[in-house]
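Residues per chain are reported as follows:
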Amino acid sequence: MIFNSVTYIIFLVLTVCLFWLLPKRPRLWMIFLSSLTFYGFWRPEFLAVMLLSAATDYFVAMRIEATEVLARRRIWLVVSLFVNLGLLFYFKYLLFVVDNAVVVMRFFGVEVQSPVLNIVLPLGISFYTFQTISYTVDVYRKFIRAEQDFVLYGCFVTYFPQLVAGPILRAGELLYQLDAKPSFRLDTFVSGLRRILFGLFLKVVLADNISPLVDAGFGQPISAMSAIDVVTLAFLFGFQIYFDFAGYSHIAIGSARLMGISFPENFNFPYMASSPREFWRRWHISLSSWIRDYLYLPLLGVKVQDRSVGGLATASQEHGARERHPTLVLFATWGIMGFWHGANWTFVFWGLYHATFIAAYRAISLQCARFPNFIQSWGGWLITLPIVMLAWVPFRAKSVSDALGMYGKLFAPRDYFWLGMRENTYLVAAVLLVGFLGTYFFHEKGARWLYKTPALMFVVETLLMGIVAGLVFVFLRPISQFIYFQF
Amino acid sequence: MKRSAIDPDRDSPTLPDIRRARLFLAALVCGTVTSLTLLLMFFGGVKTNFEEAATFGAQTTSIFAKEGGHPIHCMDSRDANGCIEGARSRSARNSVLWLGNSQLHAINQMRLGEMNAPPILFESLYPRGLDLLTFSQPNANLQEHYVLFEYLRKQLPLRLLILSIVFDDLREDGLRDEVAALTRDEQTSMALSATDIGRRLLVISRFVAKDQDTAGIAQTIQERAELTLNGWLEEQNSLWKVRPMVRGKVFYGLYVARNALFGIKATSKRKIIQGRYNDNLAALAAILNAARREGIEVVLYIAPLRGGMEIPYDSGEYARFKSDIQRLARLHNARYANLEALVPNELWDSGTESGANEVPDADFMHFQAGGHKVLAAKLEQLVTDSLANLDIRP
Chain A
7 MIFNSVTYII
17 FLVLTVCLFW
27 LLPKRPRLWM
37 IFLSSLTFYG
47 FWRPEFLAVM
57 LLSAATDYFV
67 AMRIEATEVL
77 ARRRIWLVVS
87 LFVNLGLLFY
97 FKYLLFVVDN
107 AVVVMRFFGV
117 EVQSPVLNIV
127 LPLGISFYTF
137 QTISYTVDVY
147 RKFIRAEQDF
157 VLYGCFVTYF
167 PQLVAGPILR
177 AGELLYQLDA
187 KPSFRLDTFV
197 SGLRRILFGL
207 FLKVVLADNI
217 SPLVDAGFGQ
227 PISAMSAIDV
237 VTLAFLFGFQ
247 IYFDFAGYSH
257 IAIGSARLMG
267 ISFPENFNFP
277 YMASSPREFW
287 RRWHISLSSW
297 IRDYLYLPLL
307 GVKVQDRSVG
317 GLATASQEHG
327 ARERHPTLVL
337 FATWGIMGFW
347 HGANWTFVFW
357 GLYHATFIAA
367 YRAISLQCAR
377 FPNFIQSWGG
387 WLITLPIVML
397 AWVPFRAKSV
407 SDALGMYGKL
417 FAPRDYFWLG
427 MRENTYLVAA
437 VLLVGFLGTY
447 FFHEKGARWL
457 YKTPALMFVV
467 ETLLMGIVAG
477 LVFVFLRPIS
487 QFIYFQF
Chain B
85 MKRSAIDPDR
95 DSPTLPDIRR
105 ARLFLAALVC
115 GTVTSLTLLL
125 MFFGGVKTNF
135 EEAATFGAQT
145 TSIFAKEGGH
155 PIHCMDSRDA
165 NGCIEGARSR
175 SARNSVLWLG
185 NSQLHAINQM
195 RLGEMNAPPI
205 LFESLYPRGL
215 DLLTFSQPNA
225 NLQEHYVLFE
235 YLRKQLPLRL
245 LILSIVFDDL
255 REDGLRDEVA
265 ALTRDEQTSM
275 ALSATDIGRR
285 LLVISRFVAK
295 DQDTAGIAQT
305 IQERAELTLN
315 GWLEEQNSLW
325 KVRPMVRGKV
335 FYGLYVARNA
345 LFGIKATSKR
355 KIIQGRYNDN
365 LAALAAILNA
375 ARREGIEVVL
385 YIAPLRGGME
395 IPYDSGEYAR
405 FKSDIQRLAR
415 LHNARYANLE
425 ALVPNELWDS
435 GTESGANEVP
445 DADFMHFQAG
455 GHKVLAAKLE
465 QLVTDSLANL
475 DIRP
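First to last, the protein sequences are chains A and B.
If you're matching positions, the first sequence starts at 7 in the working numbering and goes up one per residue.
If you're matching positions, the second sequence starts at 85 in the working numbering and goes up one per residue.
Quick caveat, the hints were computed from the structure, so don't treat them as lab data.
Since the structure is predicted, the reported quantities are computational estimates derived from the model, not experimental observations.
Please note that the accuracy of each hint is not assured.
As the list claims (entries may be wrong) - Below, computed lysine-lysine pairings styled on DSBU-like, alpha-carbon distance capped at 35 Å:
{"#": "1", "chain 1": "A", "residue 1": "Lys-404", "chain 2": "B", "residue 2": "Lys-238"}
{"#": "2", "chain 1": "B", "residue 1": "Lys-238", "chain 2": "B", "residue 2": "Lys-457"}
{"#": "3", "chain 1": "B", "residue 1": "Lys-457", "chain 2": "A", "residue 2": "Lys-404"}
{"#": "4", "chain 1": "B", "residue 1": "Lys-355", "chain 2": "A", "residue 2": "Lys-451"}
Pulled out of the complex, with its shape left as it was, chain A reads as follows:
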């Protein structure tokens, strides 16, 4: 089920009502069954894959907890990784591996036919496998106890607000909330409503209406693009994916809040980052925190954390002196991070692009620290924004050669003197950038000042909510999936 639909709104109203009406045990069953229903509205046959992944980790975690023998604990951990990553490999990467193997064999003169494989990627598999892996690893690391109650554990894995595209939660963050007796708080409930409305606005009003411009732009031949077009398209897609994914996260967080459950934040004005490293503390925070704790820091050989906040870069600053092969680990992590997004070299390219700029920033960060704060933050922002926006080119391009072709335009001076798209495209990109900056400053300065006076706050809020609710009402339709559903 996708959030931007009437079906979901009705489903959510029913679920929330039942949540507050039912006692504990029936409530857990209701959450579990409604989450399965939520998932089954897409393709019910793939419920089995999700339940297999969940059941494996349920049993493996109990086996791990049952023994103190390290070798046995490790064997069970490997079983979990084998099943989860095996499912992920089969559904997400097998076609890619086979296609690339065929290309390599043909390169060496071995003529082979590409086998016809019809594999459908189960919705959200990258998210729920990461979530179940983190659960087992946390039990292995003794951060948490293995959950004995399968229904409660099932609720953790399948909880519908975060099932398909995150935020990727740790068992330690969600299980206790699901298990506890919920206490209704009006402020949490109202903030949930507002988050849902705001998330729908980002998705159905902004992201879905930017999408045709991006599709048309990236659909044209590279030869018909100017350098300005490449930059404009990078910015436009950057805004589209941000509104799309941040919109999803807002609705997920808001839906959970209606049931009194708190999720960690997933975005924090990422395009206001003043360095490539800071960007990853602000963008898809739960994924970069996951990568930090289950890949990056273990590879570096330093202490890990157990919270899905903070993002990828935090720990390395504290443990820099003890890190093993930091640059190599950085690039390996980012290659995997890119590959997690999709079985295509374009995503690996995207990951390595980020790794390159993070490594470059590390190399110059001490020199940068000598500048006054104002220059560090605003100068850094001026440099970082185009870097992170242009990173979206390989992410959205059809192939690495297309991405390289687009980047090539940036180095051709003649391509800066003509335009290849409708004038509206540039105008929309400019309006979005100005609007984004305006929202940031309103949020950081204006809102604090306005909301000191209740009457003024009421007027501003009524106006804001009226515009947002009216536009959501008019534009609400499941015209497109969320971009991260394909990962």
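Given the structure of chain A, go ahead and fit chain B onto it with the hints provided.
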């Protein structure tokens, strides 16, 4: 827990949480109710064609003619069958197809009983054994003409194609849903797949030729649920039903705001968009190539343009455009005619009616009924010349 930076529900240093929550809830309810009430007041039951509103001046009227109960002038997949059935019911043996943009269906400052060019030309060709069907859409580009041509030539005994070429339309790109839907026809799809531009259009059509509103949940259980719920809501609530129209109104408002902000008028210069221009020329070449292969005569004409004032194009680019079209026509043995000066200045609009102090915003595309007569007469002559060598009897 740290709040999201784009989370509007900030901590207020002066209000306790519960009071703030009540204020937020009241604002949410008041804002939503006010917004929906305003929508209901402004949009209850009003129907506007926004595509036309954005294209036409205030004084332009669309006419799609019928003959014997069947349309002879259609737009796209929505009414194409009516035109085809009409041709079949008239036992047409020699069809003429006329493709163009809104210039064909719009009459400026229309008076009662006036006709546009397609029915006039139909009346003059029909007694001579030629059955004319016209298809036109606002801002139709040549890629859309290509899809329509490939679809219609399989359905009709086509002997001649009249193609109106407008500089503005070469700034357009891709396929609107109603034209993309025609690519579902197997023969059309096969014909398109024979050219590079056709294959690109087929890829595009896969994304647009479906029920747009539920495209994100196509072929899922949710699609069925969503369609049922939407159908029910449309029955119960008039405001829900007019949502597509309100969406159009929002975009039209943005369009008007943009024009006001940047001072964009009909006379503002429009530049060539190179990628789109090339794609449209490729589509034109594909049409001409297919027509020649199938023995279909082609008349290409540069559409009439308002004279007496500076044209809204870069003169160099406009000259290049005409030269490119002429070159393609020559290459594919098509008849070329430059009709840009055909319609006299007095047969175009006489400016806005909004007041003497306002600068008239001229319509460069749509002329009065007199202009349609002139155009039909000229095309009749071109058609006659083109078909002189063919054995066509009434």
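Hint check results:
no.	hint	result
1	Lys-404(A) to Lys-238(B)	holds (34 Å)
2	Lys-238(B) to Lys-457(B)	holds (30 Å)
3	Lys-457(B) to Lys-404(A)	violated (50 Å)
4	Lys-355(B) to Lys-451(A)	violated (42 Å)
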